[in-house]
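Starting from the known structure of chain A, arrange chain B on it as the hints suggest.
Listed in order, the protein sequences are those of chains A and B. If you're matching positions, the first sequence starts at 1 in our numbering and goes up one per residue. If you're matching positions, the second sequence starts at 1 in our numbering and goes up one per residue.
Treat the hints as calculated values from the structure; they're not laboratory data. Heads up, a few of these hints could be off.
Stated by the list, open to error - Now the in silico label distances, taken between C-beta atoms and shown as ranges:
1. 213/A / 114/B: 38 to 46 Å
2. 326/B / 264/A: 55 to 63 Å
3. 179/B / 303/A: 56 to 64 Å
4. 30/A / 337/B: 16 to 24 Å
5. 41/B / 213/A: 32 to 40 Å
6. 326/A / 61/B: 40 to 48 Å
7. 323/A / 179/B: 53 to 61 Å
8. 315/B / 156/A: 53 to 61 Å
9. 323/B / 342/A: 54 to 62 Å
10. 313/B / 213/A: 52 to 60 Å
In this text, a Cβ means the ideal position worked out from N, Cα and C, and glycines have one as well.
Protein chains: 2
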Amino acid sequence: MKKYNFYAGPAILPQEVIEQSAKSALEIGDTGLSLLEVSHRSKEVADIMEEAKTSVYELLHLNDNYEVVFLQGGASSQFFMSAMNFLGESERAGYIDTGSWSTKALKEAKKFGQAELTASSKDKNYNYIPKAYQIDKDLKYLHLTSNNTIFGTQYQGFPDSDVKYICDMSSDIFSKPIDTSKFGMIYAGAQKNLGPAGATLVILDKEFLARTSREVPTMLDYNTHIAKDSSFNTPPVFSIYVSMLTMRWLKKHGGVEGLAQKNEAKAKLLYDEIDRNTLFVGTAQKEDRSLMNVCFLLNNDALVDEFLAQSAAAGCVGIKGHRSVGGFRASIYNAMPQEGVQVLVDVMKSFEEKHG
Amino acid sequence: MKKYNFYAGPAILPQEVIEQSAKSALEIGDTGLSLLEVSHRSKEVADIMEEAKTSVYELLHLNDNYEVVFLQGGASSQFFMSAMNFLGESERAGYIDTGSWSTKALKEAKKFGQAELTASSKDKNYNYIPKAYQIDKDLKYLHLTSNNTIFGTQYQGFPDSDVKYICDMSSDIFSKPIDTSKFGMIYAGAQKNLGPAGATLVILDKEFLARTSREVPTMLDYNTHIAKDSSFNTPPVFSIYVSMLTMRWLKKHGGVEGLAQKNEAKAKLLYDEIDRNTLFVGTAQKEDRSLMNVCFLLNNDALVDEFLAQSAAAGCVGIKGHRSVGGFRASIYNAMPQEGVQVLVDVMKSFEEKHG
Chain A
1 MKKYNFYAGP AILPQEVIEQ SAKSALEIGD TGLSLLEVSH RSKEVADIME
51 EAKTSVYELL HLNDNYEVVF LQGGASSQFF MSAMNFLGES ERAGYIDTGS
101 WSTKALKEAK KFGQAELTAS SKDKNYNYIP KAYQIDKDLK YLHLTSNNTI
151 FGTQYQGFPD SDVKYICDMS SDIFSKPIDT SKFGMIYAGA QKNLGPAGAT
201 LVILDKEFLA RTSREVPTML DYNTHIAKDS SFNTPPVFSI YVSMLTMRWL
251 KKHGGVEGLA QKNEAKAKLL YDEIDRNTLF VGTAQKEDRS LMNVCFLLNN
301 DALVDEFLAQ SAAAGCVGIK GHRSVGGFRA SIYNAMPQEG VQVLVDVMKS
351 FEEKHG
Chain B
1 MKKYNFYAGP AILPQEVIEQ SAKSALEIGD TGLSLLEVSH RSKEVADIME
51 EAKTSVYELL HLNDNYEVVF LQGGASSQFF MSAMNFLGES ERAGYIDTGS
101 WSTKALKEAK KFGQAELTAS SKDKNYNYIP KAYQIDKDLK YLHLTSNNTI
151 FGTQYQGFPD SDVKYICDMS SDIFSKPIDT SKFGMIYAGA QKNLGPAGAT
201 LVILDKEFLA RTSREVPTML DYNTHIAKDS SFNTPPVFSI YVSMLTMRWL
251 KKHGGVEGLA QKNEAKAKLL YDEIDRNTLF VGTAQKEDRS LMNVCFLLNN
301 DALVDEFLAQ SAAAGCVGIK GHRSVGGFRA SIYNAMPQEG VQVLVDVMKS
351 FEEKHG
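If we strip away everything but chain A, and leave its shape as in the complex, we get (with noise of 0.2 Å):
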């Protein structure tokens, strides 16, 4: 049977990508040597790492002010890791705290600078984007979350600021077009909507980098990854290949644009009918809708188990809600074709047949 890859991450690749990375771990051109068992240093690894940078270029329409690295660590490490290149001890920073991730992000921040809380959307249990707040100009940055997996809450927007944004995107990058002159520093872990666990993204603007100061363990510097083209040491080569992959897949299909049109006819699909359907009630405040993670609940608890068995039994893999939320998260990221979403959709509607 069809399985249809709804986890919140590590999270579905397109098919295409998967066969080829299978085809590449067996052997990597016609090398007669897996690409997992290759140098960094061989010219099959340099080609792959020029190309998933240039690719990011490309796809996010970046211009020469921008260094883009691939590091190992996932977003968690960029918590600090952003803190320690950017904040001095005295410098103050901003942070928006919209879940569990931007509460961690800015935990990590404290042990630099003056981080401080800007605003926060915990006193709905961070079911909305929180919107009314001044950003000081004073501020070395502030730190976004972009989309929130566990909440099911996106930006739509960001606001015009004097000051640079340092933004978490790994569960939402990729997924629609950007500004990117508002940003700093992005970051994202490839395991939602690039590839495997195992590379993390960093794009950041030069001048902006040009402010760093403390000095800091030599991996954990920012420009020495860039000076060697995030080659200084072993570089993550399969996740790497992999978000290749995807990116060359995000270009087929008409790259972050195209891709973006995609991903609203999904979400519309599954919202529309957690609206319609007398059963379900979605978590996250309309009109901050996540597009990438679809957090509904059952009206009657009783039923939680026997929905998830029917999705089960339907193909669809991984809806179970995050504990802080509970009921269910279905994310669509890139990958997720169409069809998967109407196969959950058609369950929801059988179970209203039923239970309704």
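Structure of chain B alone, referenced to chain A:
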């Protein structure tokens, strides 16, 4: 034509590990999903993480006094993490400098405490392992690099000492039995004897671990990862999976004890030819020769390119030496079959017939 992978790292993996990895990249078990896209909270990944950890205990005969975690960032991240976690500002640690990687480890440690050079073989371009030195009882630890990929030297044993060792075993872990009781910490980037780049194995003595004091970012604290069984954040699932398969393969082939015999036989075959053949000379002092990375030169520099071409024609990939030593380097890790070494030796013999 069959290719023999002599790369220093990322390096050769067992063929059956490669084939199973490629298969799981397509579909893990009968889930209908690729291993690249399943959640790290799924049963499939939980089982992989558990078997990977258990296998380390089993292969190295570790008792409950040790913790085992899989991290990201390579050995290069352990250079600073080990000092950040274990070396107080006013505390002293000793470093034995046996090449580029040791030098880097010392450089990073100096940012955290009184890291001192205890001994070095730099005077002879690192062609030996220092032996005549005192280990001061006041040292928090003594840092070693057990095998030096660039210079082809390897510790043949570790002297008894009251001071615990912290050891970078990236390039010879699992290649022979070791008395782990001497080590406070052992670390190894996966990409030599274990798996593809992206995972780092860290083994910690609990008693040694208890001495950590400095407040560090959450992601850089070993205790974070121990408490969450290497899943505090999304682990590099695929790299750990391939490493787990390699450990399965190791167990099938007699464990580290069985591999040690094979590794000795392979190294003897190649070193004997280097010593016998009138055209070649080994670079490392005989008593410190590495069983993993065999470095050798041609007496006549003018023939280097021709030898590289003839080796390549015979299927030997990656034997060009590191620029710090020149000549040739044949990396013959666990997964290199005796047959591959024989092919290289045969090229050396026929090269002598032509040019001797």
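Consistency of the hints with the structure:
With their beta carbons about 25 Å apart, residue 213/A and residue 114/B fall outside the hinted range of 38 to 46 Å. For the pair residue 326/B and residue 264/A, the beta carbons lie near 59 Å from each other, so the given range of 55 to 63 Å is met. Between residue 179/B and residue 303/A, the C-beta spacing of about 59 Å keeps the proposed range 56 to 64 Å intact. In this structure, residue 30/A and residue 337/B meet the distance hint of 16 to 24 Å, their C-beta atoms being roughly 22 Å apart.
Between residue 41/B and residue 213/A the Cβ separation comes to about 39 Å, which falls inside the hinted range of 32 to 40 Å. Residue 326/A and residue 61/B have their C-beta atoms about 45 Å apart, which keeps the hinted 40 to 48 Å range intact. Checked against the hint of 53 to 61 Å, the C-beta distance between residue 323/A and residue 179/B comes to roughly 44 Å, which is inconsistent with it. Between residue 315/B and residue 156/A the CB atoms are about 57 Å apart, so this pair conforms to the stated range of 53 to 61 Å.
Checked against the hint of 54 to 62 Å, the C-beta distance between residue 323/B and residue 342/A comes to roughly 57 Å, which is consistent with it. For residue 313/B and residue 213/A, the hinted distance range of 52 to 60 Å is satisfied, since their beta carbons lie about 53 Å from each other.
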